[in-house]
Structures are given as structure tokens and as C-alpha cells.
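**Student:** With numbering that gives the first Met the number 0, the residue at position 21 of the sequence shown is 20, and numbering never jumps.
Calculated directly from the structure, the hints in this document are not laboratory data.
Note that CB positions come from ideal geometry on N, CA and C, so glycine has one too.
Cut-off 25 angstroms, straight-line C-alpha distance, at most; resulting in silico cross-link-like pairs (DMTMM-like, lysine to aspartate or glutamate): (1) Lys31 to Glu138; (2) Lys31 to Glu144; (3) Lys31 to Asp73; (4) Lys31 to Glu18; (5) Lys31 to Asp14; (6) Lys31 to Asp56; (7) Lys31 to Glu6; (8) Lys31 to Asp4; (9) Lys31 to Glu146.
Label pairs and their computed distance ranges (CB to CB): (10) Asp120 to Val150: 44 to 52 angstroms; (11) Gln131 to His41: 15 to 23 angstroms; (12) Glu123 to Ala157: 45 to 53 angstroms; (13) Ala10 to Glu58: 16 to 24 angstroms; (14) Glu123 to Leu81: 18 to 26 angstroms; (15) Glu123 to Val71: 18 to 26 angstroms; (16) His41 to Asn135: 20 to 28 angstroms; (17) Gln131 to Arg27: 34 to 42 angstroms; (18) Ala83 to Phe125: 17 to 25 angstroms.
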Amino acid sequence: MTSQDLEAFAAWVEDLMRERGYDIDSPRGGGKSRIADEAGVHRAAVTRLLQRQSMPDLETTRRLARVLGVPVRDMLIRSGRLTAEELADPHDYLAAPAPNAEFGRRPTLEEVADLLGVPADRREMFVRVVEQFLPNDDEIAGQQEREERRVLMEAATAASTGAD
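Throw the hints in and build the complete structure from the sequences for me.
**Tutor:** Next comes the structure, spelled out in C-alpha cells:
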């Protein structure tokens, strides 16, 4: 990872934070503390990233991705930790059904492991690890709620601007 990677990643994360309403620019805005609290990470980790001092660790990156509503994959690639080639897009694998899979249903993690060529003696570990990165039902509902609120706010803003 280079200082350019850190600079580019931090700038991207700052933009995401601002877009999502975190006041990270004013000293007493509370945005850094708020995002740290919502992500369940130390405020110092957020500050170090925004001050371009250090890249967050993997767990902090995962938690920030969840709160910011971006895929962990994007965070890892933009941070310079992995390239797109090193971290294949899971949608590529989900686009083609697994052998003997019912059409129109998502493959199970075991089927994904098979598609990826994970050895049989490591599949249980693969499934346990991957499950940690998949959103649970509450997270999916929360993302849907945030998206619905965003659409409603945009519609309200457009309506009020058009009424002027």
C-alpha cells in the first residue's frame, strides 16, 4: 500500500461520509464520533484514516463498509489491499447457476465453494468465514429502509423546489 493509495482511499471514504450526512468537517460536528459509534469502531481509527495516517484494519474496513452502505469488496479494492482480479466479483459466480441448481435461486455457500474450487476438507471453514460478511435480515431491512428514506427525501426536495 502506498501513500497514494491511502490518500485516494481516504478521499473516497470522506466523500461517502459527507454524502451520507456525517459532518466530518467542523470540529464539533460529531460526524467522526457518530460514524465510529454506528460502525462499532474506535473514533481514533476513523480519525487516523481521515488524517491520512493509517489504513483501517480489515474488521474496521468491514464495519465502515456496512455503515456506509458499500460492498466490502469495493472498500478492499479502493484501499489498494486487493485488486479486482484478486477479488473476483461474487456476482460473476452468481450469474451462472451451479451445476444441478434450481433455476432462479441463489446458490448456497456450499455450491459457491464448489464453483470456486474450495477443497472439500475446507468447505466448512469457508462457509463460516463467508457467512460473517453476508448481511443478515436486519441489515438488509435497514439498507432498504435507508434507500426508501433517501428516495422520499429526494422526491420531497424535488417537489418543494418545483413548487417555488
